[in-house]
Amino acid sequence: MLNVIVLYGTGGMGKTQLALEYVYQYYHKYSSTFWVNAASVQTTILGYTQIMKQLIQCHGRLSEDYAGIGRLLDMAGKLDSTGLFTISLESDGQHVDAVFCSGRK
Numbered sequence: 086m087l088n089v090i091v092l093y094g095t096g097g098m099g100k101t102q103l104a105l106e107y108v109y110q111y112y113h114k115y116s117s118t119f120w121v122n123a124a125s126v127q128t129t130i131l132g133y134t135q136i137m138k139q140l141i142q143c144h145g146r147l148s149e150d151y152a153g154i155g156r157l158l159d160m161a162g163k164l165d166s167t168g169l170f171t172i173s174l175e176s177d178g179q180h181v182d183a184v185f186c187s188g189r190k
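Here the numbering used here is used: the first residue of the sequence shown is 86, the next is one more, and so on.
FYI, nobody ran anything at the bench for these hints, they're computed from the structure.
Keep in mind that the hints are not guaranteed to be accurate.
As the list claims (entries may be wrong) - Computed cross-link-like contacts, EDC-like style, restricted to lysine to aspartate or glutamate with a CA-CA straight-line distance of at most 16 Å:
| id | residue 1 | residue 2 |
| --- | --- | --- |
| 1 | K163 | D150 |
| 2 | K138 | E149 |
| 3 | K138 | D150 |
| 4 | K138 | D159 |
| 5 | K138 | D165 |
| 6 | K163 | E149 |
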C-alpha cells in the first residue's frame with residue numbers, strides 16, 4: 086500500500102514540527118522517508134531527482150540488476166548496465182533535463 090502525506094501552508098504554522106513528530110512516532114510503518122523542498126518547481130524536480138538517484142543506488146547495491154531496477158521505477162530501457170540514466174529517443178530530451186545523471190557514486 087502506498088502512503089503519501091503532503092503538508093502545505095504558510096511559514097510558521099508548525100508543518101516541520103508536525104512532520105518530525107509523525108516520522109518519530111510512525112517511522113517503523115514505512116520503508117523510506119523522503120523530504121522534498123517544494124519552494125519552487127526547480128527545487129521540487131531536484132528533490133524527486135535525488136530520490137530517484139538514491140533508489141537506484143540502494144537497489145543497485147543489493148542486486149546490480151539495473152534492467153530490473155529500471156522496470157521497478159517505470160524506466161525500462163533507460164538505465165545502462167552501471168545504473169546511469171541513458172537517452173535512447175529524441176523525446177527523452179525533455180525528461181533528461183529534469184532527471185540528470187542517476188548513476189552510482
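Hint check results:
With a C-alpha separation of about 13 Å, the suggested pairing of K163 with D150 holds against the 16 Å cut-off. Taken as a hint, the K138 and E149 pair is honoured in the structure, with Cα atoms around 14 Å apart against an allowance of 16 Å. In summary, the hint linking K138 to D150 is supported, as the alpha carbons are separated by about 15 Å, within the 16 Å threshold. Among the hinted pairs, K138 with D159 is consistent with the structure: their alpha-carbon atoms are about 14 Å apart, no more than 16 Å.
At most 16 Å may separate the alpha-carbon atoms for a hinted pair to count; K138 and D165 meet this at roughly 14 Å. Taking the CA atoms of K163 and E149, the gap is about 15 Å. The hint holds against a cut of 16 Å.
Checked against the numbered hints given earlier, the structure satisfies every one of them.
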